[in-house]
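*Asks:* Chain B: place on chain A using the hints.
2 protein chains.
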Amino acid sequence: MRKVAESTIRRLSLYLRLLEEFEGQGIATVSSGALAGRGGTTSAQVRKDLSFFGSFGKRGLGYPVLELVAHLRGILGLDRRYRVAMIGAGKIGSALVQYRGFRQRGFDVAAIFDVDPAKIGKAWNGLTVQDIAALEEVVKAEKVDMAVVATPPDVAQPIADRLVALGIKAILNFAPVQITVPDDVVVKTVNLALELETLSYALTNR
Amino acid sequence: MRKVAESTIRRLSLYLRLLEEFEGQGIATVSSGALAGRGGTTSAQVRKDLSFFGSFGKRGLGYPVLELVAHLRGILGLDRRYRVAMIGAGKIGSALVQYRGFRQRGFDVAAIFDVDPAKIGKAWNGLTVQDIAALEEVVKAEKVDMAVVATPPDVAQPIADRLVALGIKAILNFAPVQITVPDDVVVKTVNLALELETLSYALTNR
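Chains as they are written, first to last, in our numbering: chain A, 53 to 258; chain B, 53 to 258.
These aren't lab readings, by the way, just hints derived from the structure by calculation. One or more of the hints may lead you astray.
A pair holds if it fits inside one copy or across any two, identical chains being indistinguishable in the list.
[Claimed, not checked] Taking lysine-lysine and the DSSO-like style, the derived pairs with C-alpha atoms no more than 30 Å apart in a straight line are:
#: 1; residue 1: K100; residue 2: K195
#: 2; residue 1: K143; residue 2: K100
#: 3; residue 1: K221; residue 2: K171
#: 4; residue 1: K171; residue 2: K195
#: 5; residue 1: K221; residue 2: K174
#: 6; residue 1: K240; residue 2: K143
#: 7; residue 1: K221; residue 2: K143
#: 8; residue 1: K240; residue 2: K221
#: 9; residue 1: K100; residue 2: K174
This is chain A alone, in the form it adopts within the complex:
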């Protein structure tokens, strides 16, 4: 597999969103120009991005919407389901489980962990909160693919180290710290505190 730039994946993700809209409107074919116009890019870029993953569409006829949706879902890995371990039974985890896009994209929470004795053993969005001490055992038993780290900042790295040792290759990190992992593991950090501070900085220094 050739290495694909994250900016390309971002655009594919955007094309998919636009195509799903077209699909909802019953549109059968779209031109690269229509995708480019809505996606803030050029026709040439759209054709280049899509040709990279194989040959779609016919010259002059545009892209068949349904077929391209299926192809893009396959490329982005959205045609299968993933088993997710949620680390931290707090508000972020709850919001994520209730977020429609999470299940829509094939992510199912298979286990939830916390360190707080008051939470362990309690029901949580259809699961039972497990002791973080049992992480290794449960992640193996539940065949977990991916983890969401929604812990306080000081424990995020040790938790990530344990996940990496378990062979987890994808982590979504909500703790407000940078996590360091080996090259074959992907971490995406959603740092809301940082986004807010960038905005307050902009409001103060404008």
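*Replies:* Chain B in isolation, oriented as in the chain A frame:
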């Protein structure tokens, strides 16, 4: 005001988080090396970042934690409060209002808007949901500084245009689309769908 790179703001934000930890531990002074080690950067970079905003600390004595926390909070605009308009009375808005860091960083929700007649007029986290048709009137009356856009993707841009016309200079966007604004407006987009698709792509193509 000199233009400051977003990467610098990110590091200042990180230093502040580390310093608040030191403060919590009762530590009075820290070296640039201690900040660098925890922040994944170099002592020289820490000194450069901090000197850019004025002279802190004494050679050989390190930085006074309390004073530096106060300075950084001032630089990042965290020493005042902001009035926020929340557009979309859904789960994202609720999670954000309940997120401790939102109030901690000085963001107070002053108004909440929706387009759904079933939601308009109902109580929502201590506020009453208002008709989006009244956006202009309410934003002016409530002296709103910033907006959170948590709408479906197709209306995010028209809403942003109305906010810009009202003089709003900072937008936190949760709609899964890019929003285009003039140069003097800052938009930060938190696109969870995109983060998830980057992870599923990585899991599928590893």
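*Asks:* Hint by hint, say whether it matches the structure.
*Replies:* Consistency of the hints with the structure:
1. Taking the closest pair of Cα atoms, K100 and K195 never come within 30 Å of each other, the shortest separation being 37 Å inside a single copy and 47 Å across copies.
2. For the homomeric pair K143 and K100, neither the shortest alpha-carbon distance inside one copy (41 Å) nor that between copies (37 Å) is at most 30 Å.
3. Taking CA atoms no more than 30 Å apart as the test, K221 paired with K171 passes inside one copy only; the shortest distance there is 27 Å, against 41 Å between copies.
4. In the homo-oligomer, the alpha carbons of K171 and K195 lie at most 30 Å apart inside one protomer (23 Å), although the nearest pairing across protomers, at 41 Å, exceeds that limit.
5. When the C-alpha separation of K221 and K174 is checked against a cutoff of 30 Å, the pair qualifies only within one copy, where the shortest distance is 28 Å, while the shortest distance between copies is 44 Å.
6. Taking the shortest Cα distances, K240 and K143 sit within 30 Å of each other both inside one copy (19 Å) and across copies (22 Å).
7. Within a single copy, K221 and K143 get their C-alpha atoms as close as 24 Å, and across copies as close as 29 Å, so both meet the 30 Å cut-off.
8. Proximity of K240 to K221 under the C-alpha cut-off of 30 Å is found in both arrangements, the shortest distances being 11 Å within a copy and 27 Å between copies.
9. In this assembly of identical chains, K100 and K174 lie within 30 Å of each other by CA distance neither inside one copy nor across copies; the values are 51 Å within and 49 Å between.
Violation of the numbered hints given earlier is confined to hints 1, 2 and 9; the remaining hints are satisfied by the structure.
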